[in-house]
Amino acid sequence: GAVVSQHPSRVICKSGTSVKIECRSLDFQATTMFWYRQFPKQSLMLMATSNEGSKATYEQGVEKDKFLINHASLTLSTLTVTSAHPEDSSFYICSAMPIDRSYGYTFGSGTRLTVV
Amino acid sequence: AQSVTQLGSHVSVSEGALVLLRCNYSSSVPPYLFWYVQYPNQGLQLLLKYTSAATLVKGINDFEAEFKKSETSFHLTKPSAHMSDAAEYFCAVTGETSGSRLTFGEGTQLTVNP
Chain C
1 GAVVSQHPSR
11 VICKSGTSVK
21 IECRSLDFQA
31 TTMFWYRQFP
41 KQSLMLMATS
51 NEGSKATYEQ
61 GVEKDKFLIN
71 HASLTLSTLT
81 VTSAHPEDSS
91 FYICSAMPID
101 RSYGYTFGSG
111 TRLTVV
Chain B
1001 AQSVTQLGSH
1011 VSVSEGALVL
1021 LRCNYSSSVP
1031 PYLFWYVQYP
1041 NQGLQLLLKY
1051 TSAATLVKGI
1061 NDFEAEFKKS
1071 ETSFHLTKPS
1081 AHMSDAAEYF
1091 CAVTGETSGS
1101 RLTFGEGTQL
1111 TVNP
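Chains C and B, in that order, are what the protein sequence lines are. Our numbering puts the first residue of the first sequence at 1, with every later residue one more than the last. Our numbering puts the first residue of the second sequence at 1001, with every later residue one more than the last.
No lab work stands behind these hints, which were simulated from the structure alone.
Pairs of lysine-lysine, BS3-like flavour, derived with a Cα cap of 30 Å: (1) C/LYS55 x C/LYS14; (2) B/LYS1058 x C/LYS41; (3) B/LYS1068 x C/LYS41; (4) C/LYS66 x C/LYS20; (5) C/LYS55 x C/LYS66; (6) C/LYS55 x C/LYS20.
Computed beta-carbon distance windows for the label pairs: (7) B/ASN1113 x C/ALA72: 42 to 52 Å; (8) C/SER18 x B/ASN1113: 36 to 46 Å; (9) B/PRO1040 x C/GLU22: 14 to 24 Å.
Just some of the chain B residues that point at chain C, by a computed CB distance under 8 Å: (10) GLY1043; (11) PHE1090; (12) ARG1101; (13) LEU1102; (14) PHE1104; (15) GLY1105; (16) GLU1106; (17) GLY1107.
Backbone N, C-alpha and C define an ideal beta-carbon position, used for all residues, glycine too.
Produce the complete structure using the sequences and hints provided.
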């Protein structure tokens, strides 16, 4: 079945540093990947839609310069949290949609980011 | 625009009892509907999906859901709860005109009591 690998699963970084999170589709090609943020006991909040070879589409209120998204290939999208601050601490999850749009959205296992 | 409402942020059942998690949707186009499960500190796992084929959808781990257009509902059921079913459950909707983005409900925390 479709597998999405997200790395790292946990990361602790100092305030002011940048952190990169990778999302890879292992056995399928994904023209579109999605990045979500999830606060404790809450639902997933879509941050941005990442399309291979083009600029990401950010949701209203999400800072483009803080959350840099790159989708350089059909199997890899990255989210970089720049100049991280404690309020950026959260659970980040990626999702990939197959190129054939079979609506089999597959989610990564998530990344727990803690900024200290 | 599309939206999903999950009735009941917390549901508690006894082991072996019926599980019923409610989901109502709003969509101006034919919807695609999904149920996902999330265990603590993990991503989402697809339980089942409705994509305009059979209205009764069977998923993994004996879960199933029925698409009822007249009621705009897609409730999730399981005949007999297991302790391992305790988790957060999310209903989600998308459609052809939504840019393929999923819209999630607020989630329902299922507790299974021994």
